[in-house]
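K.L.:
For chain A, the structure is supplied; the task is to place chain B on it using the hints.
Spelled out, the chains give:
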Amino acid sequence: EDQVTQSPEALRLQEGESSSLNCSYTVSGLRGLFWYRQDPGKGPEFLFTLYSAGEEKEKERLKATLTKKESFLHITAPKPEDSATYLCAVQASDYGQNFVFGPGTRLSVLP
Amino acid sequence: NAGVMQNPRHLVRRRGQEARLRCSPMKGHSHVYWYRQLPEEGLKFMVYLQKENIIDESGMPKERFSAEFPKEGPSILRIQQVVRGDSAAYFCASSPGGADTQYFGPGTRLTVL
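Protein chains in written order, with my numbering: chain A, 2 to 112; chain B, 1315 to 1427.
Hints are computed from structural coordinates only; laboratory data are not their basis. Any given hint might turn out to be false.
Lysine-lysine pairs mimicking DSS-like chemistry, simulated, CA-CA at most 25 angstroms apart [unchecked claim]:
| id | chain 1 | residue 1 | chain 2 | residue 2 |
| --- | --- | --- | --- | --- |
| 1 | A | K60 | A | K80 |
| 2 | A | K70 | B | K1358 |
| 3 | A | K69 | B | K1358 |
| 4 | B | K1358 | B | K1376 |
| 5 | B | K1385 | B | K1365 |
| 6 | A | K43 | B | K1341 |
| 7 | A | K58 | A | K69 |
| 8 | A | K60 | A | K70 |
| 9 | A | K80 | A | K43 |
| 10 | B | K1358 | A | K43 |
| 11 | B | K1365 | B | K1341 |
| 12 | A | K43 | A | K60 |
Where chain A lies over chain B, by a calculated footprint (3+ residues, C-beta under 8 angstroms) [claimed, not checked]:
| id | stretch |
| --- | --- |
| 13 | 1350-1357 |
| 14 | 1364-1374 |
| 15 | 1408-1417 |
Derived DEER-like restraints, expressed as beta-carbon distance ranges [as the list claims (entries may be wrong)]:
| id | chain 1 | residue 1 | chain 2 | residue 2 | range |
| --- | --- | --- | --- | --- | --- |
| 16 | A | L111 | B | G1387 | 38 to 48 angstroms |
| 17 | A | K43 | B | L1427 | 15 to 25 angstroms |
| 18 | A | P112 | B | G1387 | 42 to 52 angstroms |
| 19 | B | Q1364 | A | S109 | 35 to 45 angstroms |
| 20 | A | R13 | B | P1353 | 15 to 25 angstroms |
| 21 | B | R1423 | A | E61 | 27 to 37 angstroms |
| 22 | A | E16 | B | Q1331 | 39 to 49 angstroms |
Being a predicted model, the structure only gives us computed values, none of them experimental. We put the beta carbon where it would ideally sit given N, CA and C, even for glycine.
Bound-form chain A, shown alone (with noise of 0.2 angstroms):
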């Protein structure tokens, strides 16, 4: 039973084609969720943290979003750089101090 899940599994854009990444959580206790960015071969590169429903978190062509159920990370006007796995990870009192991750969404932003 998938407690964090990912959509969709991966989504080409073309350059300046704006869209949104879902993460949804099925947690006891929400502590906190957070958004990071992960490149081939390399470690998450941290994004954000969110705390409580209604939070809105942004930085440059990112903005992250959270409910009760869900975060969203929209993309506005991509660029060829901003292709990545974008990671979710909630932090609840179901797992203690650890992160749980979901699956991910590969990126790809075409010039």
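P.N.:
Just chain B now, with coordinates in the frame of chain A:
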């Protein structure tokens, strides 16, 4: 301001040998986590440590795997008698506290021949 450091970056072992993976957390961070990423799979939690203590090892295989975070020096993930199924990328993360954002190192890619 150095980030999380891991070494070696690549490690090749033959079946039955031992693998030792090292992780130095970010300065000021006393919480260390180890994750494993199998090919085409997501990151899976293995173990959570603080200095000289294992806090949660619920994700660690019961046999052949062990972890430590001594008072001095890096955290070490040790895999004894490696098998081909241990081939994966192993990532270490650190945080200043248990409920804080985790920052990841570049990973160690273990290949078992």
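K.L.:
Hint by hint, note whether the structure agrees.
P.N.:
Going down the list of hints, with the structure as the test:
1. Between K60 of chain A and K80 of chain A the alpha-carbon distance is near 14 angstroms, which keeps this suggested pair within the 25 angstroms criterion.
2. Taking the CA atoms of K70 of chain A and K1358 of chain B, the gap is about 21 angstroms. The hint holds against a cut of 25 angstroms.
3. The suggested pairing of K69 of chain A with K1358 of chain B holds, with an alpha-carbon distance near 24 angstroms, which does not exceed 25 angstroms.
4. Our distance criterion of 25 angstroms between C-alpha atoms is met by K1358 of chain B and K1376 of chain B, whose separation comes to about 15 angstroms.
5. The straight-line distance between the Cα atoms of K1385 of chain B and K1365 of chain B is roughly 6 angstroms, inside the 25 angstroms bound, and the hint therefore holds.
6. With a C-alpha separation of about 21 angstroms, the suggested pair K43 of chain A and K1341 of chain B falls inside the 25 angstroms cut-off, and the hint holds.
7. Only pairs whose Cα atoms come within 25 angstroms are accepted, and K58 of chain A paired with K69 of chain A is accepted, the gap being roughly 16 angstroms.
8. The suggested pairing of K60 of chain A with K70 of chain A holds, with an alpha-carbon distance near 23 angstroms, which does not exceed 25 angstroms.
9. Restraint check: the Cα-Cα separation between K80 of chain A and K43 of chain A comes to about 20 angstroms, which is no more than 25 angstroms; the hinted pair holds.
10. Taking the CA atoms of K1358 of chain B and K43 of chain A, the gap is about 16 angstroms. The hint holds against a cut of 25 angstroms.
11. In summary, the hint linking K1365 of chain B to K1341 of chain B is supported, as the alpha carbons are separated by about 13 angstroms, within the 25 angstroms threshold.
12. For the proposed pair K43 of chain A and K60 of chain A, the alpha carbon gap of about 21 angstroms is at most 25 angstroms, so the pair holds.
13. With a threshold of 8 angstroms between beta carbons, the proposed coverage of the stretch 1350-1357 of chain B by chain A holds, since 3 of its residues qualify and at least three are required.
14. Judged by the Cβ-Cβ criterion of 8 angstroms, the stretch 1364-1374 of chain B is covered by chain A as claimed, because 4 of its residues qualify and three suffice.
15. With 5 residues having a beta carbon nearer than 8 angstroms to a beta carbon of chain A, the stretch 1408-1417 of chain B meets the requirement of three or more and the stated coverage holds.
16. At about 46 angstroms, the CB distance of L111 of chain A to G1387 of chain B agrees with the hint of 38 to 48 angstroms.
17. Between K43 of chain A and L1427 of chain B the beta carbon distance is about 24 angstroms. The supplied range of 15 to 25 angstroms therefore holds.
18. A hinted range of 42 to 52 angstroms holds for the C-beta pair P112 of chain A and G1387 of chain B, which are about 46 angstroms apart.
19. Between Q1364 of chain B and S109 of chain A, the C-beta spacing of about 39 angstroms keeps the proposed range 35 to 45 angstroms intact.
20. At roughly 22 angstroms, the beta-carbon separation of R13 of chain A and P1353 of chain B lies within the given 15 to 25 angstroms, and the hint holds.
21. For R1423 of chain B paired with E61 of chain A, a C-beta distance near 29 angstroms keeps the hint of 27 to 37 angstroms intact.
22. Judged by the Cβ atoms, the range 39 to 49 angstroms given for E16 of chain A and Q1331 of chain B holds: they are separated by roughly 47 angstroms.
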